[in-house]
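Novice: Let chain A serve as the given structure and place chain B on it in line with the hints.
Below, each chain spelled out in residue letters.
2 protein chains.
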Amino acid sequence: MAEGPDAPRPAEVADPPYYAVVFVSARNGEDEAGYAATHARMLELVAGIPGYLGVDSARDADGLGITVAYFRDRPAIAAWRRHPEHRAAQRAGRQLWYDAYHMHIARVERAYRHDRAAGPVRDA
Amino acid sequence: MAEGPDAPRPAEVADPPYYAVVFVSARNGEDEAGYAATHARMLELVAGIPGYLGVDSARDADGLGITVAYFRDRPAIAAWRRHPEHRAAQRAGRQLWYDAYHMHIARVERAYRHDRAAGPVRDA
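Protein sequences, first through last, are from chains A and B. In terms of the working numbering, the numbers along the first sequence are unbroken and rise by one, the last being 124. In terms of the working numbering, the numbers along the second sequence are unbroken and rise by one, the last being 1124.
Looking at chain A on its own, in the form it has when it is part of the complex:
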């Protein structure tokens, strides 16, 4: 587990409303190198989409992964879905990497946060 300044932190997102794209996937365990490279590339690419606000991503040792990408609005999500390199990755995901995935597109109405150093802050 990482400690100190390189420890992972939840993504910093502006106040609501904004959108969250929750992507829950079950990996099949095949082609780990290809999967990891594409996952890293997608995190890089999505950061260039206008209206992108941040991302959180975790994969459990048992193979279940959750990635939550935050966007200003639905048009920003649509732009990301249509990105040609992302579309190719979506196809590869279905063909090669995932036994199953579910995606939930949701409008964030409220947000809360806690930081040990700062104490609780109720955002919105």
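These are calculated hints, taken from the structure and not from any lab test. Small disclaimer: the values here were computed from a predicted structure and weren't measured. Ideal Cβ positions, reconstructed from N, Cα and C, are used throughout, including at glycine.
If you want a taste of the chain A side facing chain B, the calculated C-beta under 7 angstroms gives, among others:
id, residue
1, Arg9
2, Met103
3, Ile105
4, Arg113
Specialist: What follows is chain B alone, placed relative to chain A:
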């Protein structure tokens, strides 16, 4: 990585609209046994809340965790937030287990899924 019938699967949730509570946390690495026991107990307890629809949870090797709990509506979320045993766990989380957490309460407007066996299904 689990394979076969015990492999993890994304939660099965009814068609939108419904709500997602996205809880993103950075563990501090302390008290792993106490944390794990409480996490398991909370997953058991939330399943008894009227309007609970399911949960997905993953924690990365680097300590970032994402749990997404799905509920029928905001009153169901409020009931879960107010549950006495859950409130005690929230306090313990702030005091003992988390460097930081962010929570996003979001109304799911659309959902998609893919299952390798069944082919893609567009839910809503």
